[in-house]
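Q: Here is what each chain is made of, one letter per residue.
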Amino acid sequence: MSRKVCIVGGATTPFDYGPTGFENIEGGAADCIRETREEIPEFSMRDLDLMIYSHFSVHFGHQLCSEWIVHDHLGLVGVPHYRVENGGNTGGSALYAAALAVMSGHHDVVGVVGWETMDSVSQSQGSEFIALASDIRYELLVGGIYPIYYAAMANKWMKDNNVSEEDVATIGAKNRNNAMDNPKAQWYRNEHKYITTEDVMNSRLISYPIKKYDCCLMSRGVAFTLVCSEEYAKKINPDGYVTIDGMGLSSCTIRAGDRLNFPGWTERYGKGYPEMTEFGACRNAADQAYKMAGIENPRKEIDFGEIHDAFSTSEAQIYKALYLADENNIAQFLRDESTHMHGEIPMNPGGGLMGYGHPVGATGLMSTIECFYQLSDLIPKKHLSKKTEVPDAKCGIVNSHAGTGTSISNFILRRC
Amino acid sequence: MSGETITRKKKKFTEEPNFTERKTYRPKDVKETGLAFIGHEISEDGKAMNQFLHYDQLYTIRHGQNSKFFIGLLDGKLWGTRCPKCGDTWVPVRTHCWNLDCNLEKTEWVEMPLTAKIHTWTIAGWSGRSSLKRLPIVLVYAVIGNSKVAIANELHGIDPWDVEFGMPLKIIFKPKEERHGIVTDFHFEPTDDWEPTPITEEKERIKQLVEPVYQWVKTLK
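Protein chains in written order, with our numbering: chain F, 52 to 467; chain E, 204 to 424.
Among these hints, one or two may not hold up.
[What the hints assert, rightly or not] Computed list of lysine-lysine pairs in DSBU-like fashion (alpha-carbon distance at most 35 Å, straight line):
1. F:Lys207 - E:Lys215
2. F:Lys322 - E:Lys309
3. E:Lys377 - F:Lys263
4. E:Lys288 - E:Lys234
5. E:Lys250 - F:Lys263
6. E:Lys214 - F:Lys322
7. F:Lys263 - E:Lys336
8. E:Lys421 - E:Lys234
9. E:Lys214 - F:Lys210
10. E:Lys379 - F:Lys322
11. E:Lys377 - E:Lys234
12. E:Lys320 - F:Lys263
13. E:Lys250 - F:Lys210
14. E:Lys215 - E:Lys250
15. E:Lys373 - E:Lys215
16. E:Lys231 - F:Lys322
17. F:Lys55 - F:Lys207
18. F:Lys263 - E:Lys424
19. F:Lys210 - E:Lys377
20. E:Lys377 - E:Lys231
21. E:Lys410 - F:Lys210
22. F:Lys244 - F:Lys55
23. F:Lys322 - E:Lys280
24. F:Lys244 - E:Lys424
25. F:Lys210 - E:Lys234
26. F:Lys207 - E:Lys250
27. F:Lys437 - F:Lys286
28. E:Lys271 - E:Lys250
29. F:Lys244 - E:Lys280
30. E:Lys320 - F:Lys322
31. E:Lys309 - E:Lys214
32. E:Lys280 - F:Lys263
33. F:Lys244 - E:Lys336
Just so you know, the hints here were simulated from the structure itself, not pulled from any lab data.
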């Protein structure tokens with residue numbers, strides 16, 4: 052039987068774009084660990100026996116192996132280290148790697164540091180750099196950047212599921228408004244206003260049906276998560292640790308157009324799945340995570356989630372992939388505001404990618420950290436109020452998502 | 204893409220493709236100076252510094268076994284590939300079958316018809332730096348012939364709000380002298396017998412969203 056994996060702490064730098072004064076990643080990493088130690092002062096840098104670094108694109112920093120700079124700065128010379136890169140699911144994949152390391156029994160205390168420095172180039176160049184993760188021979192040249200691929204997928208999905216532009220726009224407003232309770236969030240630090248569904252509807256066209264406020268933010272930011280064995284967790288944070296009870300990682304095609312008839316998906320989920328509309332890798336990763344955590348009815352057994360809202364449309368698509376709703380009731384599920392703070396299963400109380408920000412390599416860790424805060428009663432301390440606290444939360448889901456749904460991981464976290 | 208033709212014949216022990224006609228495609232403004240720190244700025248309070256790093260580089264994308272597809276584009280032809288074992292056909296091409304039971308069978312080249320059908324679509328009002336001036340772009344994923352997959356490309360010759368699911372398309376190549384062996388050598392257009400359907404609420408909504416994009420593009424230099 053493999054060992055239980057726990058999370059005992061974590062923190063991020065503020066997520067932002069442009070000058071902030073904390074731009075150097077190694078300094079940011081050190082600050083995240085210092086903040087983590089405020090809750091768990093017994094944790095010593097000497098305890099770390101593996102470091103996993105979570106960083107997406109060298110293009111943003113023009114520094115190969117920037118993890119080596121961070122590692123040296125943290126004084127961890129001699130501790131094993133490597134970098135995980137898996138597109139937008141880099142953070143989730145790094146967490147997966149850390150969990151495997153602990154599960155195997157080979158490592159006890161694993162630090163995961165993630166970052167991205169997307170403000171080192173212009174926004175439009177940044178979009179094009181990210182689009183280098185699409186198949187450049189076929190997709191980049193045709194004006195393709197990710198919002199466009201997602202819009203094409205969402206347009207059909209919305210038609211097939213009777214979901215309207217307004218239905219998904221509620222998500223764009225929800226996550227930004229949640230971020231207004233979170234001082235580290237980019238939306239709080241910059242635009243700093245509450246918005247309505249109408250504001251989302253009136254924002255500029257990015258790619259129909261996606262508009263500006265349906266899109267996540269480009270960000271600079273660093274995050275740190277401390278993953279360990281239960282034995283260590285009981286020693287260092289006996290009352291506040293969280294267990295990773297389930298996890299799953301799966302994959303789908305790089306080009307969305309390739310998944311109309313992919314033979315492997317038909318085998319798993321029936322003919323025609325996942326089409327260009329469903330996130331097959333998300334469903335498959337959820338199946339793995341739910342099975343491992345013994346979850347049979349996710350909508351009832353999961354209290355909240357921190358999920359990869361790169362676009363408001365994709366957050367809605369993720370609800371369906373996670374079995375929170377199906378084609379018959381997804382529109383009503385959205386109209387009932389089921390995932391707002393007052394709904395039955397709040398999603399992205401921390402603000403998500405649209406509110407908190409999306410510095411790619413740090414993003415999945417940010418979601419994990421927000422989920423950890425909810426489950427260890429730290430929200431009133433970390434956010435500005437209890438408005439974005441999920442009362443009595445015992446079980447949360449973390450979702451990290453890459454490409455056009457090309458790599459997706461899900462984690463089930465439970466309070467100790 | 205201009206410059207003088209250079210002749211190069213590198214002697215190799217093994218039999219490899221030899222490129223004897225290679226042009227110097229490097230645009231004049233690509234300097235390839237390597238990494239250079241070219242300046243800095245300091246915040247008013249004197250506490251934060253930004254430095255500017257410049258990097259320009261011409262890359263060689265070597266198409267190898269996929270080359271026939273891209274050479275085909277220069278000739279105004281669309282090549283797909285077909286698995287001789289399971290019979291599946293694809294464009295974009297796969298040089299080996301991905302059906303796990305075919306154990307990476309080598310595929311054969313088949314010429315595809317220049318007709319397609321829209322699987323899904325979007326209208327881009329924002330894009331990467333190199334595409335901004337072409338906005339709004341109608342981008343469609345369309346299935347060419349009996350391909351098992353859809354390919355992304357632009358749809359021209361239509362008002363953006365008139366695009367629809369399942370619409371029949373023809374494939375139009377650029378004039379020969381303007382082709383570069385890249386996917387933008389062709390685009391989609393509605394078939395000659397296609398007529399737009401009457402205006403709907405959704406079409407009005409799209410018009411409203413697209414209008415500011417037309418205005419914004421006019422302001423670009």
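Q: Does each hint hold? Answer for all of them.
A: Status of each hint after checking the structure:
| no. | hint | result |
| --- | --- | --- |
| 1 | F:Lys207 - E:Lys215 | violated (52 Å) |
| 2 | F:Lys322 - E:Lys309 | holds (25 Å) |
| 3 | E:Lys377 - F:Lys263 | holds (33 Å) |
| 4 | E:Lys288 - E:Lys234 | violated (49 Å) |
| 5 | E:Lys250 - F:Lys263 | holds (33 Å) |
| 6 | E:Lys214 - F:Lys322 | violated (52 Å) |
| 7 | F:Lys263 - E:Lys336 | holds (19 Å) |
| 8 | E:Lys421 - E:Lys234 | holds (30 Å) |
| 9 | E:Lys214 - F:Lys210 | violated (59 Å) |
| 10 | E:Lys379 - F:Lys322 | violated (41 Å) |
| 11 | E:Lys377 - E:Lys234 | holds (30 Å) |
| 12 | E:Lys320 - F:Lys263 | holds (29 Å) |
| 13 | E:Lys250 - F:Lys210 | violated (52 Å) |
| 14 | E:Lys215 - E:Lys250 | violated (57 Å) |
| 15 | E:Lys373 - E:Lys215 | violated (44 Å) |
| 16 | E:Lys231 - F:Lys322 | violated (52 Å) |
| 17 | F:Lys55 - F:Lys207 | violated (41 Å) |
| 18 | F:Lys263 - E:Lys424 | holds (23 Å) |
| 19 | F:Lys210 - E:Lys377 | holds (33 Å) |
| 20 | E:Lys377 - E:Lys231 | holds (25 Å) |
| 21 | E:Lys410 - F:Lys210 | holds (19 Å) |
| 22 | F:Lys244 - F:Lys55 | violated (42 Å) |
| 23 | F:Lys322 - E:Lys280 | holds (32 Å) |
| 24 | F:Lys244 - E:Lys424 | holds (33 Å) |
| 25 | F:Lys210 - E:Lys234 | violated (48 Å) |
| 26 | F:Lys207 - E:Lys250 | violated (50 Å) |
| 27 | F:Lys437 - F:Lys286 | holds (28 Å) |
| 28 | E:Lys271 - E:Lys250 | violated (56 Å) |
| 29 | F:Lys244 - E:Lys280 | violated (53 Å) |
| 30 | E:Lys320 - F:Lys322 | holds (20 Å) |
| 31 | E:Lys309 - E:Lys214 | holds (30 Å) |
| 32 | E:Lys280 - F:Lys263 | violated (38 Å) |
| 33 | F:Lys244 - E:Lys336 | holds (32 Å) |
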